[in-house]
Amino acid sequence: MQAIRHCGVCLAGGRLQSRTSFLQPATNMAAHRSVACVGFLRNAARVLGGSRSTRQRVPRLPMIVRKNWISLSVGGGLCSVPFSQQVENLSHEALIRRASSLVTDSTNTYLSQTTLALVESLTQYSKALHTLIALQKRYMNSMGALTPAEEDSIWQVIIGQRVEVGDRLDECKRFEANWMNAINLCELAAEAAYNSGVEHASNTTRLNLQGAQSQVEQVRKLSLDAERKLSETKVKEIQRMAALADAMERMTEDIPEAYFRED
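Going from the sequence shown to this note's numbering is simple: count from 1 and add 42.
Just so you know, these hints were derived from the structure itself, not from any lab. Take the hints with a grain of salt, since some may be wrong.
Between beta-carbon pairs, the in silico distance windows are [as the list claims (entries may be wrong)]:
1) D194 <-> T151: 43 to 53 angstroms
2) L264 <-> A136: 38 to 48 angstroms
3) H242 <-> M182: 55 to 65 angstroms
4) I280 <-> V199: 54 to 64 angstroms
Think of the CB as a built atom: it goes at the ideal place given N, C-alpha and C, for glycine as much as any other residue.
Turn these sequences into a full structure, and let the hints guide you.
As structure tokens, then:
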């Protein structure tokens with residue numbers, strides 16, 4: 043009731059101002075209207091925030107007013123007051139698009155980590171191969187001029203390096219299996235994102251796939267080249283050993299039989 047009386051005061055004030063508008067400036071009229079409307083809002087809030095019985099008697103605002111905007115006349119202008127924010131879109135299509143984006147982000151991270159691990163393992167494998175090639179070349183060049191102790195020592199080093207090469211190769215195979223899983227997951231995620239309407243995420247994932255495959259291919263060429271050089275070194279080593287064995291056999295044939303006879 044108090045709010046209604048104040049509303050009547052607002053209306054009466056508006057009529058009085060209209061009658062005496064020729065005596066007051068326009069700015070004073072706007073100020074009076076502002077004060078009256080603010081007073082109405084304060085009294086309405088006081089009524090709505092009263093006791094429980096009073097709140098029960100006050101009818102609830104219509105749904106269309108509570109969920110949208112209410113325009114109030116303040117100072118001769120309109121002021122829009124938001125009563126609630128816009129409800130987030132929770133449709134099935136929107137949720138699927140959001141899930142597709144999360145999947146592409148996860149698969150891109152998995153692809154990045156597996157690519158880094160595979161590239162590092164292939165690099166270490168290539169280094170181990172080149173070290174083995176250097177050791178075998180050194181042995182091949184020193185073949186026939188080494189003492190038994192020196193030959194045994196260098197062979198121990200070569201055997202240890204061959205074990206390391208095998209361990210590096212096993213590591214490459216293990217990381218390559220993870221990398222292939224990441225490739226397959228990224229392809230599925232890119233296709234799912236495209237079908238869901240998230241074309242940006244799909245295109246980004248496909249670009250990441252191309253970059254990872256190109257990077258691994260470059261490092262793999264280096265390891266294949268090292269394997270080829272190791273095979274060539276082994277062939278030369280076998281040929282050198284065969285040549286030395288043939289030379290030793292010829293030297294044995296040239297020695298007179300009298301040197302082998304016992305006195």
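List of violated hint numbers, smallest to largest: Hint 4 alone not satisfied by this model.
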